[in-house]
Amino acid sequence: MDHRFESVNEVREKLESVDYLADDAIAGIVHLSDRLEKPILIEGPAGTGKTQLAKSVAEMTGAKLIRLQCYEGLDEAKALYEWNYKKQLLRIQADRSGDSDWSELEDDIFSEEFLLTRPLLEAIRAEEPVVLLIDEVDRVEIETEALLLEILSEYQVSIPELGTVTAKQIPLVFLTSNNTRELSEALKRRCLYLHLDYPDMDREKQIVMTRVPNITDHLADQVARVVRSIRSLELKKHPSVSETIDWARTLVLLGIDKIDAQTATDTVNILLKYRTDIDKAVKDMNANADSYTGS
Amino acid sequence: MTTDSNSNMANGTVISDSAEAVGDVTNSPLLDLLTGFIVELRNAGLPVSLTENLDAMEAVQHIPLEDRVALKYALAATLVKNHSHWKAFEIVFDVYFSLRGEEYALDSELLDGPLEDDDEDEQSPGGEGKGEQGQGGSNSGMTPEELAEMLYNALANGDASMMRSMARESVRRYAGMEPGRPVGGTYYLYRTLRNLDLDGVLEKLMQQEQDESGETSDFEQRLQRDEYKDRIEALKKEIEAEIRRRLVADRGVEAMAKTLRKPLPEDVDFMHASREEMANLRKAIYPLTRKLAVRLARKRRRGRKGPLDFRHTIRTSLSYGGVPAEPKFRNPRPKKPEIMVIADISGSVAAFARFTLHLVYALSSQFTQVRSFVFIDGLDEVTEYFEQTDDITEAIHRVNSEADVVWVDGHSDYGHALEVFWNAYGKDVGPKTSVLILGDARNNYHAPNSWIIKDIKERARNVFWLNPEPKSYWDTGDSIIGEYSQYCDGIFEVRNLRQLESFADNLV
Ligand SMILES: Nc1ncnc2c1ncn2[C@@H]1O[C@H](COP(=O)(O)OP(=O)(O)OP(=O)(O)O)[C@@H](O)[C@H]1O
Ligand SMILES: [Mg+2]
Numbered sequence: 116m117d118h119r120f121e122s123v124n125e126v127r128e129k130l131e132s133v134d135y136l137a138d139d140a141i142a143g144i145v146h147l148s149d150r151l152e153k154p155i156l157i158e159g160p161a162g163t164g165k166t167q168l169a170k171s172v173a174e175m176t177g178a179k180l181i182r183l184q185c186y187e188g189l190d191e192a193k194a195l196y197e198w199n200y201k202k203q204l205l206r207i208q209a210d211r212s213g214d215s216d217w218s219e220l221e222d223d224i225f226s227e228e229f230l231l232t233r234p235l236l237e238a239i240r241a242e243e244p245v246v247l248l249i250d251e252v253d254r255v256e257i258e259t260e261a262l263l264l265e266i267l268s269e270y271q272v273s274i275p276e277l278g279t280v281t282a283k284q285i286p287l288v289f290l291t292s293n294n295t296r297e298l299s300e301a302l303k304r305r306c307l308y309l310h311l312d313y314p315d316m317d318r319e320k321q322i323v324m325t326r327v328p329n330i331t332d333h334l335a336d337q338v339a340r341v342v343r344s345i346r347s348l349e350l351k352k353h354p355s356v357s358e359t360i361d362w363a364r365t366l367v368l369l370g371i372d373k374i375d376a377q378t379a380t381d382t383v384n385i386l387l388k389y390r391t392d393i394d395k396a397v398k399d400m401n402a403n404a405d406s407y408t409g410s
Numbered sequence: 099m100t101t102d103s104n105s106n107m108a109n110g111t112v113i114s115d116s117a118e119a120v121g122d123v124t125n126s127p128l129l130d131l132l133t134g135f136i137v138e139l140r141n142a143g144l145p146v147s148l149t150e151n152l153d154a155m156e157a158v159q160h161i162p163l164e165d166r167v168a169l170k171y172a173l174a175a176t177l178v179k180n181h182s183h184w185k186a187f188e189i190v191f192d193v194y195f196s197l198r199g200e201e202y203a204l205d206s207e208l209l210d211g212p213l214e215d216d217d218e219d220e221q222s223p224g225g226e227g228k229g230e231q232g233q234g235g236s237n238s239g240m241t242p243e244e245l246a247e248m249l250y251n252a253l254a255n256g257d258a259s260m261m262r263s264m265a266r267e268s269v270r271r272y273a274g275m276e277p278g279r280p281v282g283g284t285y286y287l288y289r290t291l292r293n294l295d296l297d298g299v300l301e302k303l304m305q306q307e308q309d310e311s312g313e314t315s316d317f318e319q320r321l322q323r324d325e326y327k328d329r330i331e332a333l334k335k336e337i338e339a340e341i342r343r344r345l346v347a348d349r350g351v352e353a354m355a356k357t358l359r360k361p362l363p364e365d366v367d368f369m370h371a372s373r374e375e376m377a378n379l380r381k382a383i384y385p386l387t388r389k390l391a392v393r394l395a396r397k398r399r400r401g402r403k404g405p406l407d408f409r410h411t412i413r414t415s416l417s418y419g420g421v422p423a424e425p426k427f428r429n430p431r432p433k434k435p436e437i438m439v440i441a442d443i444s445g446s447v448a449a450f451a452r453f454t455l456h457l458v459y460a461l462s463s464q465f466t467q468v469r470s471f472v473f474i475d476g477l478d479e480v481t482e483y484f485e486q487t488d489d490i491t492e493a494i495h496r497v498n499s500e501a502d503v504v505w506v507d508g509h510s511d512y513g514h515a516l517e518v519f520w521n522a523y524g525k526d527v528g529p530k531t532s533v534l535i536l537g538d539a540r541n542n543y544h545a546p547n548s549w550i551i552k553d554i555k556e557r558a559r560n561v562f563w564l565n566p567e568p569k570s571y572w573d574t575g576d577s578i579i580g581e582y583s584q585y586c587d588g589i590f591e592v593r594n595l596r597q598l599e600s601f602a603d604n605l606v
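Top line first, the protein sequences correspond to chains A and B. Heads up: the first sequence begins at 116 in the working numbering, then just goes up one per residue. Heads up: the second sequence begins at 99 in the working numbering, then just goes up one per residue.
Hints listed in this document are in silico derivations from the structure and should not be mistaken for laboratory results. All figures in this text were calculated on a predicted structure; none of them were measured in a lab. A portion of the hints provided could be inaccurate.
Cut-off 25 Å, straight-line C-alpha distance, at most; resulting in silico cross-link-like pairs (BS3-like, lysine-lysine) [to be verified]:
{"no.": "1", "chain 1": "B", "residue 1": "K569", "chain 2": "A", "residue 2": "K352"}
{"no.": "2", "chain 1": "A", "residue 1": "K351", "chain 2": "B", "residue 2": "K185"}
{"no.": "3", "chain 1": "B", "residue 1": "K360", "chain 2": "A", "residue 2": "K303"}
{"no.": "4", "chain 1": "B", "residue 1": "K327", "chain 2": "B", "residue 2": "K185"}
{"no.": "5", "chain 1": "A", "residue 1": "K170", "chain 2": "A", "residue 2": "K283"}
{"no.": "6", "chain 1": "B", "residue 1": "K381", "chain 2": "A", "residue 2": "K395"}
From the structure, some residues in chain A lie toward chain B, with a derived Cβ separation under 7 Å [to be verified]:
{"no.": "7", "residue": "L147"}
{"no.": "8", "residue": "R150"}
{"no.": "9", "residue": "T365"}
{"no.": "10", "residue": "A376"}
Here a beta-carbon is modelled for each residue, glycine too, at the ideal position from N, C-alpha and C.
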């Protein structure tokens, strides 16, 4: 069978060519997902590139991205398929004259023509290569997860009235979660698992370099360092990668080429959202260097 | 995973010689190694299913066997589905796959020498001499000063491969490892680090930085210091890894794995958690409290529709020529969840109380209708401490300094604390309220006043008691848990996250 990628390195390089900087864990799991034909479940803090990874993989493989955004209350009709109730009704009404018998009519109204395809079924039925992104799966109730299991392990959807629809090509599937609740064992068993944490300093610098036009190497380096220092504080919410990028963009817009304590203090509200966090970080950045001795 | 420092420095590291040579995993020594590896993961408490076991076996066939980093992430992706198990996985992985053949067999010449006294200065010519006779490696001929110099330069330049070989050399020289000696890795780590004086090295690095770049601001110095600290941390990790490798070489994989086994975060006893374990517990608790809160409040879930909305249905039907094709329903009115947490924060459960307060904090950050009370021999409401701040440390500080929980002597008096609760807040307990009591019910032989629990129970939706003591201690000495439990809907031993989770699971 054909593989999409020859090696882990190839994945890394292709991702880089679409401006996504992967580390060993990320590149490794994408490679493995292709080989084992298994979905990837990505967990981790907000803004660490979970959703972006699926998008970038779609871009680099030239596949179509199909996205199912999860939310509390998501059901079969929104995730898989739905019968076009109104259209069916009109069809029945049109038939009031009664020249066709009921079973004929039933076959008719439960045919393709009356089927509304939702993202999961769409991904299965697609002719062209597809990346399926099931975003923020922790938002659905644990009972709703069951809807996903057939797709995730068999790449098929059973429709009682129509039969089983099997994938023509195995899509790459990504599920993301912010870990607001534990996902079911059944779901986890079917997936490869990746915990996506904040990048280390060097990778974050590279991300800033690729995502922020016209930034100097020196400024990107400082940005990454400041963010690392802030992340070492005990905060309610640490800066995400997207916040790092926003901050770097702002600094470039302001024409700043070197960060000092004052600039950092003035702009730290882009990195941090909570008042108490901002206060902590400002206090920390303006502390005398000597106070760190030996700590 | 992605911040793992190993990943930057792991080039050139290979798995054991035997595994390297083999291609087909199904009949190779690697298979044995993998089987043992997975057995050990299970011993360490990781729930590896049969499917996952097979996935791992398949996964390793798709990566080059000499690539230790790829091997690590392939195994992690298939076997570790919970981030709080990552640490345990990493230790087992290091033990099973870090051996690099002969080079790591402990050098008998090096180790058979006279036992050095702990307090003896290892930098004395004697200690060094033995080092020189040891392996013919390029670093062996160095004086301690030269070693220190090279280490310093490696740190100054952030040279990862140099740092690794310096780590190796430092362990060889200073750890004083001997075959068969039943000493833990921490001891060897301590001996090695004592000789390196890394705090001094940090100050020297900072000094040099300042001398070279002239006037730098406090802010820049601070950033530079963080950078050096980071490198020093990486060096320490290398040293630890080196010690571990040597111990594995000496004692064998299985024995080492067993020595290093630690409880998973969900199995750590709240009452005896170390500071680091407590930090891990805190991270693991958030998703769990959500489950707990949802279950306790038993909010109405999706799928239940409210009563038919007649007017809306008629209005919609107009677009179908008057056929009520799309029945419309009113939204169900969700019940407001109400949870009251009453927590013992006395000395006998001090460690548990730390955890309890995190639980309260996590609960109240997700639901507005959480009221919290703490007690020793008096009782006070602390709901607003948690509501008024985003900062858990501040909230805890207020609990400890402001809450009025001492009545007479600051020794637990459940009877009196319950009485205060009942008199002041009993009226707020209603049919939608779930009451959660956390404590060991060690009452110092005071009056139990268990009728209060009975009355609370009559008014509330349910009353649960979580006890951090092992069941075997219940109702011994001054514990009167039995007296109270007769009026509760349930009473549970909750000494770790796993038990808390199973309590939440059983609430359905
Ligand atoms: N490795 C990376 N390479 C390049 N850009 C990245 C990387 N990681 C994150 N980013 C940037 O960070 C932004 C935020 O990432 P994304 O939206 O994927 O986060 P997320 O993890 O899905 O967050 P959330 O949990 O909030 O949904 C992306 O738009 C991208 O610009
Ligand atoms: Mg996202």
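For this session: Sort out whether K352/A lies within 25 Å of K569/B, counting only the CA atoms.
Result: 38 Å, violated
Problem set entry | Restraint status (C-alpha distance of K381/B to K395/A at most 25 Å) | 20 Å, holds
Exercise. Taking 7 Å as the limit, does the beta-carbon of A376/A come near enough to a beta-carbon in chain B?
Worked result: Because about 4 Å separates A376/A from the closest Cβ in chain B, which is inside the 7 Å limit, the hint holds.
Exercise. Going straight from one Cα to the other, do K170/A and K283/A come out at no more than 25 Å?
Worked result: 21 Å, holds
For this session: Have a go at the L147/A hint: is there a Cβ in chain B nearer than 7 Å to its own Cβ?
Result: This hint holds: L147/A lies near chain B, its Cβ roughly 6 Å from the closest one there, short of 7 Å.
Exercise. Hey, K360/B versus K303/A, does the alpha-carbon distance stay inside 25 Å?
Worked result: With a Cα-Cα distance of about 24 Å, the restraint between K360/B and K303/A holds, given a limit of 25 Å.
Problem set entry | Restraint check, 7 Å cut-off on beta carbons, for R150/A near chain B | 4 Å, holds
Exercise. Given the proposed pairing of K327/B with K185/B, does the C-alpha separation stay at or below 25 Å?
Worked result: 22 Å, holds
For this session: Sort out whether K185/B lies within 25 Å of K351/A, counting only the CA atoms.
Result: Judged against 25 Å, a Cα distance of about 23 Å means the pair holds.
Exercise. Close enough to count: is the Cβ of T365/A nearer than 7 Å to one in chain B?
Worked result: T365/A check fails; min Cβ-Cβ to chain B is 18 Å, beyond 7 Å.
In this structure, the hints that do not hold are numbers 1 and 9, in rising order.
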